Structures are given as structure tokens and as C-alpha cells.
Amino acid sequence: MSADALEERSVAKVIVLSFVTFGLYVPYWFHQVNKQLKSHLDANFDPTIRLVGFFVPVVNLIVLWKQSQLVAEFDSDRGAGVTFLAWLFFFPLAQGLIQGSINEQA
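Going letter by letter, the sequence shown gives residues 1 to 106 in my numbering.
Do not rely on the hints blindly, as some may be mistaken.
[To be verified] Cβ pair distances, simulated, as ranges:
id	residue 1	residue 2	range
1	90	62	18 to 28 Å
2	73	22	23 to 33 Å
3	76	96	15 to 25 Å
4	28	62	12 to 22 Å
5	21	76	11 to 21 Å
Calculated directly from the structure, the hints in this document are not laboratory data.
Predicted model only: the values in this text are computed from it and were never measured.
Note that CB positions come from ideal geometry on N, CA and C, so glycine has one too.
Construct the entire structure; sequences and hints are all you get.
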């Protein structure tokens with residue numbers, strides 16, 4: 001694991017940008033976070049493939065679950081289920097949880 005792979009971002013800024021850009025910032029942020037998680041955890045996946053999967057119905061559920069599991073690997077306070085449910089019901093909460101966890105590790 002390399003701590004330098006994680007980029008600290010303001011949680012509020014991530015959420016505000018997601019709304020101000022009418023959701024266009026979300027895929028960018030999602031891709032950046034997946035690149036950071038891959039590098040930090042030495043995981044074996046392609047962040048670009050995950051980004052494409054983010055837009056494909058049913059596949060996006062798998063992609064979001066896998067990302068939730070990755071975040072749970074270094075955030076022992078919260079299980080993958082909490083983050084996954086946040087993605088399903090209120091994505092800004094999921095962004096806040098994930099970015100907050102990344103900020104703690106960065």
C-alpha cells in the first residue's frame with residue numbers, strides 16, 4: 001500500500017461539484033477514486049473498465065459493490081454494505097463516505 005496514491009479532496013467540494021455540474025463531475029470523481037484505490041491497495045482491476053461499467057445497468061450494481069468492498073478494506077469503521085446502500089439511495093452520501101475515508105488515509 002502506498003499512501004501517496006490517495007488524494008485528499010474536500011468532501012463538501014466533491015458533493016457541491018456533483019450538483020453544480022448536474023452530475024457530470026460524478027463519473028470523473030468515480031474514475032479518479034478508482035485509480036487511487038487501485039494504486040493504494042495494489043488491486044487488480046482496470047479503472048476505465050469500471051467507469052464504463054458505471055453506466056451499464058445491472059453491471060453498475062456490481063461495480064458499485066466492488067468499489068464499496070475496496071473502501072471497506074482500509075476503512076474498518078464501516079462495512080461495504082453501508083457504502084453500497086448509500087450509492088443506491090443517495091449518491092452524495094456515498095461520495096462523502098468514500099472521500100472521507102480516503103482523506104483519513106491520505
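Verification of the supplied hints:
no.: 1; hint: 90 with 62: 18 to 28 Å; verdict: 20 Å, holds
no.: 2; hint: 73 with 22: 23 to 33 Å; verdict: 32 Å, holds
no.: 3; hint: 76 with 96: 15 to 25 Å; verdict: 18 Å, holds
no.: 4; hint: 28 with 62: 12 to 22 Å; verdict: 21 Å, holds
no.: 5; hint: 21 with 76: 11 to 21 Å; verdict: 32 Å, violated
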